[in-house]
Amino acid sequence: MDMRAVLIALLVLAPLIGAVLCTFLRTQAVRSAIVLATGAILVVSAAFLVPLTPFKLSLASVFGLDLHRIVQVADFILLLIILYYGFKHRHLAIIALGLFQVAMLVTLEFFLVSGPTVYERVNCDQLSLMMVLIISIVGSIICYQAIPYMREHEHHYQVAPSRQPRFFFVMLLFLGAMNGLVLFNDLTVIYFFFEVTTLCSFLLIGHDRTTIATQNALRALWMNSAGGAAFILGILAVYRETGTLELQNILLPGLAGSGIYLLALALLCVAAFIKSAQFPFQSWLLGAMVAPTPVSALLHSSTMVKVGIYLVLRLAPGFAGTFLSQSVAVFGAFSFLAGAALAVGQSNGKKVLAYSTISNLGLIFACAGINTAESMIAAMLLLMFHAVIKALLFLSVGAIEQRIASRDIEDMRGLYAVMPVTALITVTGVVMMIMPPFGVLLSKWMAMEAAARNLYVIIMIALASALTVMYWARWAGTLMSDPFAGRFRPERQPVLTWLALGPLCAGGAALSVFAPWLYMGLIQPVLSGSYTASYILKAGVLENAYGAFAILPMCAVALLGLVVAVVALKRAFKSRIVPAYMSGLQTGQPFFFQGPMNQPVKAEARNYYLDSIFGEKRLTDWVNLGGGILLTLILGGAL
Amino acid sequence: MQAVKRFINRMRSKSPWLLHFDCGSCNGCDIEILACLTPVYDVERFGIINVGNPFHADVLLVSGTVNHRNKKVLTNLHAQMPSPKLVVAIGACGLSGGIFREAYNVVGGIHKVLPVDVYVPGCPPKPEAIIDGVVLGLQKLQRLHEQPSVEKEA
Amino acid sequence: MTRTAILIACGLIAGPILGGLVSGMDRILTARMQSRIGPPLLQPFYDVAKLLFKESLVVNVWQVFCAYCYIAASSIALVLFFLQSDLLLILFVQAVGAVMLVVGALSSTSPYSHIGAHRELLQILSYEPLLVLVVVGFYLETGSFKLTSIYAWREPLLLKLPFLFIVLGYVLTIKLRKSPFDLSTCHHAHQELVKGLLTDYSGPFLALTEIAHWFEVILLLGICSLFWATNWFGMAILLVATYFLEVLVDNITSRMNWRWMLSYVWGVGLTLSLVNLIWLHQG
Chain A
1 MDMRAVLIAL LVLAPLIGAV LCTFLRTQAV RSAIVLATGA ILVVSAAFLV PLTPFKLSLA
61 SVFGLDLHRI VQVADFILLL IILYYGFKHR HLAIIALGLF QVAMLVTLEF FLVSGPTVYE
121 RVNCDQLSLM MVLIISIVGS IICYQAIPYM REHEHHYQVA PSRQPRFFFV MLLFLGAMNG
181 LVLFNDLTVI YFFFEVTTLC SFLLIGHDRT TIATQNALRA LWMNSAGGAA FILGILAVYR
241 ETGTLELQNI LLPGLAGSGI YLLALALLCV AAFIKSAQFP FQSWLLGAMV APTPVSALLH
301 SSTMVKVGIY LVLRLAPGFA GTFLSQSVAV FGAFSFLAGA ALAVGQSNGK KVLAYSTISN
361 LGLIFACAGI NTAESMIAAM LLLMFHAVIK ALLFLSVGAI EQRIASRDIE DMRGLYAVMP
421 VTALITVTGV VMMIMPPFGV LLSKWMAMEA AARNLYVIIM IALASALTVM YWARWAGTLM
481 SDPFAGRFRP ERQPVLTWLA LGPLCAGGAA LSVFAPWLYM GLIQPVLSGS YTASYILKAG
541 VLENAYGAFA ILPMCAVALL GLVVAVVALK RAFKSRIVPA YMSGLQTGQP FFFQGPMNQP
601 VKAEARNYYL DSIFGEKRLT DWVNLGGGIL LTLILGGAL
Chain B
1 MQAVKRFINR MRSKSPWLLH FDCGSCNGCD IEILACLTPV YDVERFGIIN VGNPFHADVL
61 LVSGTVNHRN KKVLTNLHAQ MPSPKLVVAI GACGLSGGIF REAYNVVGGI HKVLPVDVYV
121 PGCPPKPEAI IDGVVLGLQK LQRLHEQPSV EKEA
Chain C
1 MTRTAILIAC GLIAGPILGG LVSGMDRILT ARMQSRIGPP LLQPFYDVAK LLFKESLVVN
61 VWQVFCAYCY IAASSIALVL FFLQSDLLLI LFVQAVGAVM LVVGALSSTS PYSHIGAHRE
121 LLQILSYEPL LVLVVVGFYL ETGSFKLTSI YAWREPLLLK LPFLFIVLGY VLTIKLRKSP
181 FDLSTCHHAH QELVKGLLTD YSGPFLALTE IAHWFEVILL LGICSLFWAT NWFGMAILLV
241 ATYFLEVLVD NITSRMNWRW MLSYVWGVGL TLSLVNLIWL HQG
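Protein chains in written order, with the working numbering: chain A, 1 to 639; chain B, 1 to 154; chain C, 1 to 283.
Chain A with its partners taken away, still in its complex shape (with noise of 0.2 Å):
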């Protein structure tokens, strides 16, 4: 058999047996070792896969049955678990969106499409590569934390049967599902991994069963029913208009002139946003917070929101040039400053990740829209890096959060003295968000100076990375914020929850001293096809006709500055030390000072949110109104 159907059989399936035999074999062990293992073949798999992109294959069926056949059966089956939930819930908007999508599926595959439509299924080039890289190692990575912090949560909150086999099935069977959704080249094939995503979603959100959880689980389905409805609507026009369904084949050029073929694509992308929860659609992505910290974790960094961005990038070709390309941009942009805006009001730690996962994912699709060269290279990056950095963070706010009971900002001050390798860790997943030579930024410059020309986007960019850097130094600072605790005593932690954080902080760092090598070997062949002249590597330098990003001299120099740093830190600690300035009233104590009757009384100095600016109640409606307004430009002006 051939090796690459082998691998993606693995890739898509493995996940799946994995999730069944985690519901049937029930004990603790077997289903650490069933979740190891299964993250230990994707990893495997994935990593076999590099040497063998890009590549097609037809694969028309699978264990002799017709794979369409199987799509088919399946898609109609997800549509019925869908629509019993509507109904179990009594909600409309699932219930109706479903019939819809029902109808609409129908109609496609009974009525529109005669005879074979695709000849080449699976479609593996290098952003199906790097997609299938970050879903396989940081999902999997996730998977591993998610077993000591279920654990934990169970314990906790004394749940009893254990719901653990039923959340890592969907966990599991995410991953897979992923894995189906970026290496198949049939609409129909992805069609059907875009309501896996949705209905395993809807299940992880849900999870606790208590009542946010279940309100804000519906809301994601009813929501990401829309984009599912929006996406078939997409398939179907596309249908008309091109007469195939392969998605390679769809963005072929000339084709940007018709009216309907733009609709079709744009109703792709709205499909997009509401996976990437770009404004108006936040709300579902904010209501995900309910679900156990891995859960957030999977949907903000390597999964799910995800989706969104690699469809977009797929499509980006195909309306270049276009009013759709330039409102893309526009509402990407408007994305990313809201976010951060939005993140700055916020002292609760998971709402700020929620936040700026949001307004990255804005600058990314800002990319997209601005479609040059420089601008998808940017993108890409930003979508590697975002998505291990993310991981990162929210790994780390869930191990503080069970540490410390609160997901609050202003109660991780000082965190550094009770968990000071998480709190490093964290404040290092920080400075990767937000300062150079680490990757983030490597792309954020690359997206600046590749919008330069677009006025509306640069303005919104400039202000938004302002915005980001306040919310990120804010934060790192808090952490950081303990007095002289004396001799360096690492915290306590599960074994797994080190073999998640670890591995993330190390790679994304590791990452960003490979961005060249990066650039070169997954992500220039990918543009080669649609775009020209970009960047080119010259002594560590990237460099194009107008800027240059001296990666690796600013990574050896940022390296010497750090030891240099780490001297002076240890020599420090042999310094007086003093408390801090509390006008000659100190006691000894962190915060406190002698107050009347020589009591120890607190100084309180919060952080400042800005609430009056930036706080959620006043911006929500105004960002909703923005964002509903540039979505309707978006499909409006592709009419």
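FYI, nobody ran anything at the bench for these hints, they're computed from the structure. Glycine residues also receive a C-beta, built at the ideal position from the N, C-alpha and C atoms. Be aware that a few hints might be false.
[As the list claims (entries may be wrong)] Quick look at which bits of chain B chain A covers, simulated, 3 or more residues with Cβ under 8 Å:
id: 1; region: 47 to 58
id: 2; region: 65 to 77
[Said to hold, decoys possible] Listed next, the in silico DSBU-like pairs over lysine-lysine satisfying Cα-Cα at most 30 Å (straight line):
id: 3; chain 1: A; residue 1: 574; chain 2: A; residue 2: 617
id: 4; chain 1: A; residue 1: 570; chain 2: B; residue 2: 5
id: 5; chain 1: A; residue 1: 574; chain 2: B; residue 2: 71
id: 6; chain 1: B; residue 1: 112; chain 2: B; residue 2: 72
id: 7; chain 1: B; residue 1: 140; chain 2: B; residue 2: 112
id: 8; chain 1: A; residue 1: 574; chain 2: B; residue 2: 140
Let chain A serve as the given structure and place chains B and C on it in line with the hints.
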């Protein structure tokens, strides 16, 4: 080595930053201290800056009597100053407790709590006298540092 | 190779020396405007030398780490400027220093440090977008972010980017910690702030932040110099005039609060940038 030491000493005497602490004086001395900063006296000519923070200060100017309530504040502030540092007691109250010395809550002059380097008498002392006091203090600091044996003690 | 080494050395030396001199001039000028005589020109060097040899008092060891990061970042930014690198990259590196200074102040437990740190963050929030837009203006006019091309541009950029120069003036006022934007730390706000952001930096570490600040000042003046890069004379006049104006503004205005700063700087700065950028875009 000697040259470096001399250089550092010169720098120290060229940039004395003051921290002014009012231990409950009648504000007469304080007004005279602040008068030093005005264009008439312009102590910035000598590199003197009035800072608000013991971490940055070289010279602690104290006016007023020490009482039981504020002696802790005074010692706290002094402890937060990085050495080498000077203490200059200003005015009659700072020297001995002045007219308040018999009061039930008063500890007395600054020297009861801190090692005072220079006493500037007067009620209140003139700005010239205060500047002179600081300069005297700096000379003392230099003398101390030129004799290595005394340095440790300081 | 030797040229690169010489330029790096120039950057590393010019920063502290020129920065200190500018700061000394600044203090004399300020004193004269207040009809005082003022300190000697070399006073900033005396201060820093004294601080470097004081006892090191530490509130939180991370503050030391941050002080070193601050000076590393600001010196690298200036070196990159001397190496004629990418202007946007230089801004990012410079921002690292600014952020590390804030993180260091936040790592103390003193409320004064915290207030100063948050105000500094708001200052960063105010000037950072404007600085980016100024650089975008350079790009729209010269077609490049690289300093080599910007310096080689055939005519003074001030003629095409007058409003952006005013915007840069706002940035400069904030960065130099001049009134009305000296919210986060300043010599005159004892009652309100103690020393704000720098309250708990002391001795040698305070000296480091001071030297790092000089690096930043020279970097910003360097960016100013881009506006008249065709001849040395024009550049010198522009820089002297700009700095004189900064000192004047410092002496005739009073400290305002952050709300005013944010709305005013964004309002005026963004409008002016937008006007100038549209003008460039259409031209």
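Hints broken by the structure, by number, lowest first? Those not satisfied come down to hint 3.
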